[in-house]
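Q: So the chains spell out like this:
Number of protein chains: 2
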Amino acid sequence: MSVLVVGTVAFDAIETPFGKTDKIVGGAATYICLSSSFFTNKLNLVSVVGEDFPNDAIQILKDKSVDTEGLQIKKGEKTFFWSGKYHNDMNTRDTLDTQLNVLENFDPIVPEKFQESEFLMLGNLMPSVQKKVLDQMKKRPKLVVLDTMNFWMDLFMDDLKEALKEVDVLTINDEEARQLSGEYSLVKAAKVILAMGPKYLIIKKGEHGALLFNNKEVFFAPALPLEEVFDPTGAGDSFAGGFIGYLAKTNDISFENMKRAVINGSAMASFCVEKFGTQKLTEINQDDVDARINEFVNLVQFDITLK
Amino acid sequence: MSVLVVGTVAFDAIETPFGKTDKIVGGAATYICLSSSFFTNKLNLVSVVGEDFPNDAIQILKDKSVDTEGLQIKKGEKTFFWSGKYHNDMNTRDTLDTQLNVLENFDPIVPEKFQESEFLMLGNLMPSVQKKVLDQMKKRPKLVVLDTMNFWMDLFMDDLKEALKEVDVLTINDEEARQLSGEYSLVKAAKVILAMGPKYLIIKKGEHGALLFNNKEVFFAPALPLEEVFDPTGAGDSFAGGFIGYLAKTNDISFENMKRAVINGSAMASFCVEKFGTQKLTEINQDDVDARINEFVNLVQFDITLK
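Top line first, the protein sequences correspond to chains D and Z.
Quick note on numbering: my numbering labels position 55 of the first sequence as 55, and the sequence is numbered without any gaps.
Quick note on numbering: my numbering labels position 37 of the second sequence as 37, and the sequence is numbered without any gaps.
So here's chain D without its partners, still in its complex pose (with noise of 0.2 Å):
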């Protein structure tokens, strides 16, 4: 099945313990393609860079079978640019510096041969852009996933809102999941966010693993325990690219096969943050993948027969 992804692709500095970069290639959508090309090869991409962007960075998507027709480049505009620094938990960051440039005045614009991809992946990005992809599918998708932040909660909470009327996925992280349901518990935020529109909810907790819930039931994946965490920059969007990814290919949106998903996803976020931005998603291999979910399942598999 076909995936159609929305999101920035961009440039960030970062600062770890570790570390720090250069302006390196990174971008919700960017890490988001790489992450669901292990899974499938029918990758469009709707998003928008300046002319400083790079050919080659562009190839490589490319070569991971990404169709980039609906890659919008602005002649005499720059590319989107983040900068930020993790602290020693690397559960916290401050952001040094943004430069919307580009995303300024980003019109999405869907080619009409994405326009009936079975798949939606909106990343990160204004509401308003991420309901103006919606609206221009010919015919609803199977599924459409929605990831978004506090930033867009703090400053355009209705448009927010509006959206997620019409996702059936909607990822955040824990404190996003209170923020956005005024709910400390995270089991009581997913009643009211799932009110609120979607039909299941993810809730990203970084190194503690992540909750997929719906009205009904719950699931839990662990992360993977690593000797280090490198650079959680592209974990998350690494981790909603499996997810999407893992449906597409066995194209089947039932809650079981959610939490296979799931699991593939954060197989994918673990190998994200072993190295500086999308370097690691680059060098490994479908065996490697494959290992790493061997791993899942060691970490949590034991048999308690059910009474």
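Rather than coming from a laboratory, the hints here were simulated on the basis of the structure.
Honestly, I wouldn't trust all of these hints.
Any copy, or any two copies together, can satisfy a pair, since identical chains are not distinguished.
[Unchecked claim] Think about it this way: if two alpha-carbon atoms lie no more than 25 Å apart in a straight line, the pair counts; the simulated BS3-like pairs of lysine-lysine are:
#: 1; residue 1: LYS188; residue 2: LYS205
#: 2; residue 1: LYS275; residue 2: LYS191
#: 3; residue 1: LYS259; residue 2: LYS205
#: 4; residue 1: LYS199; residue 2: LYS259
Mind docking chain Z on chain D? Use the hints.
A: Frame of chain D, contents of chain Z only:
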């Protein structure tokens, strides 16, 4: 199999965002015994209280088949008292008051009939006291589990390291694992700690679950997502009680069975936090425990076939 439990029997005064208590019965050994009693009726207690400790609290333990012959009652002295206040996140707390009282000169005496107990749970206490108990065992127990805390690491690290050489399983929380090992990564911390003596290490992460390590493997058990965590006091001890109780009941200390024991411990901890103090542990029955175990199975089970 019989379990010898050593630890505090105490008074606690607890304040959480949900309310506060006057002096209520608490203490590590109290929680451990109540929790273990769901798995074994051969529970032997070694501890100390003052003459202010209520008889009916001791009777509650006796009713759960706890042999209290090793519980010293010190005439003219007062029971250990701890008072603490939890912050909003329930993961951090301030100690408001600590009155050692009978603990100050506690000399644990293991009654002869306890000296061949097959399982030994050294609950959180001064390391030298834990060691004294171990030294009184006529034969080496099949399994020795030791729980400790940062307080003892600050004051008696050498004594603790001495005790660790003789234990099979160490249970500590994530911050304590970092303090004991000097490593931030829990995976690295586990390697360092396992080299200190214990064959198994359990790192308790509160609402984020628990990790079980040996030299080759790692297993993760989540905490049950709860609508409300009322009072975290005793959760770690309830976990330990369920863990060793299950191992004693099944008389199987393989890594596979320890995984099941960790799930059972997590289930007991999930009950503990639902009401103040020991209240919930005294209200539930075996059916409740079975149902809770099933919730854990449903929370983490998924069927990805290993390749």
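Q: Which of the listed hints are not met by the structure?
A: none
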